[in-house]
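**Student:** Throw the hints in and build the complete structure from the sequences for me.
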Amino acid sequence: MGRSLERLRDLGHTWRSFRIYSYSDFLVMNVEELLLSKGISYIPKGKDFVVRCLNPEHDDKNPSMRIDQIDGRFNCFACEFKGNLFTLFGEKFGGLQVKRDLVTKKIKEKRAESIGLSLPSNYMPYVGNWRNISPKTYKQFEAFEHTGKDYISRINFPIRDISGKIVAFQGRHTAGGTPKYLFTPAGANLPLFPQVEPRQGDVILVEGIYDMLNLHDKGLTNAICCFGTNNINEDKLSILHMQGVSRVTIFFDGDEAGQKAATNIKVMCEKTGFRVRNVELKDLDPGALTETQLHKLESKLYA
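Using my numbering, the first residue of the sequence shown is number 514, and each one after it goes up by one.
Honestly, the hints are just simulated from the structure, not real lab data.
Everything hinted at is true.
Computed cross-link-like contacts, SDA-like style, restricted to lysine to any residue with a CA-CA straight-line distance of at most 25 Å:
no., residue 1, residue 2
1, Lys773, Leu814
2, Lys595, Asp584
3, Lys551, Ala688
4, Lys560, Ser550
5, Lys649, Gly732
6, Lys558, Leu547
7, Lys662, Leu703
8, Lys652, His808
9, Lys574, Asp768
10, Lys605, Asn588
11, Lys558, Tyr694
12, Lys558, Ile752
13, Lys693, Gly767
14, Lys795, His808
15, Lys574, Leu547
16, Lys693, Gly661
17, Lys574, Ala688
18, Lys784, Gln713
19, Lys649, Asn735
20, Lys809, Glu769
21, Lys551, Phe590
22, Lys813, Asn645
23, Lys605, Glu546
24, Lys773, Glu747
25, Lys678, Thr660
26, Lys605, Asp663
27, Lys795, Leu810
28, Lys784, Glu747
**Tutor:** Here it is as structure tokens:
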């Protein structure tokens with residue numbers, strides 16, 4: 514009888530220690546979902562999202578805050594405002610979800626390093642002519658559409674390295690959504706793209722994929738893009754030597770920011786052993802030039 518009472522007492526203590534969970538206890542968001550729910554525009558950069566500073570006292574015209582894509586820690590490099598996104602907005606921080614995201618990310622990274630990525634199942638080739646790029650050029654660069662989270666409402670491109678392996682996908686949102694350009698997986702090591710045959714030993718280096726597509730579409734098929742001026746280094750440039758490249762023609766936007774980046778990359782190209790020239794067309798975007806304008810440029814570059 515005494516032992517039975519003890520067992521009942523133990524069960525009573527155990528029962529009182531139980532917590533009754535509601536469904537809302539398991540509703541946790543990841544960092545990207547939280548940003549979207551708050552209407553915060555962001556740009557994926559490596560392992561972070563770059564946003565305008567969340568400090569209400571900082572008028573951040575040029576995005577200077579980085580937020581860790583996994584755990585939500587943030588730091589503004591202009592005003593030094595620091596913290597955690599989940600704490601800032603009073604949202605639940607899912608530790609289990611963070612671990613799951615980290616494991617998934619590592620698996621994708623290892624797969625990309627070894628055998629590369631595969632086109633998503635049930636993808637549909639893109640057959641339109643958005644931004645006046647011909648269907649033939651879209652087909653050449655394997656453009657596709659898909660209903661998955663990372664691809665929906667975007668024209669997507671597989672990004673292949675020098676071996677032909679897919680190392681990432683880039684999707685361009687076509688309806689004003691954010692981010693405008695999305696890389697999957699985030700933080701992938703992006704090559705200079707695509708691999709091309711140089712013309713008179715020359716390649717044309719542009720910034721974005723639509724700059725490159727427009728040049729290819731209008732006949733300048735030795736154009737390559739760097740996916741942003743901060744995504745280029747001497748190691749990536751050195752690979753061009755293997756393709757028979759001896760000269761790099763830099764063709765960035767004609768505004769002040771574009772020409773400042775061109776000056777910096779010109780120095781980098783010279784250090785890597787290339788002859789360099791810069792195309793400066795004031796206030797013109799390589800991705801918006803017409804066929805007539807590009808034919809004139811072609812005749813000047815390769816007379």
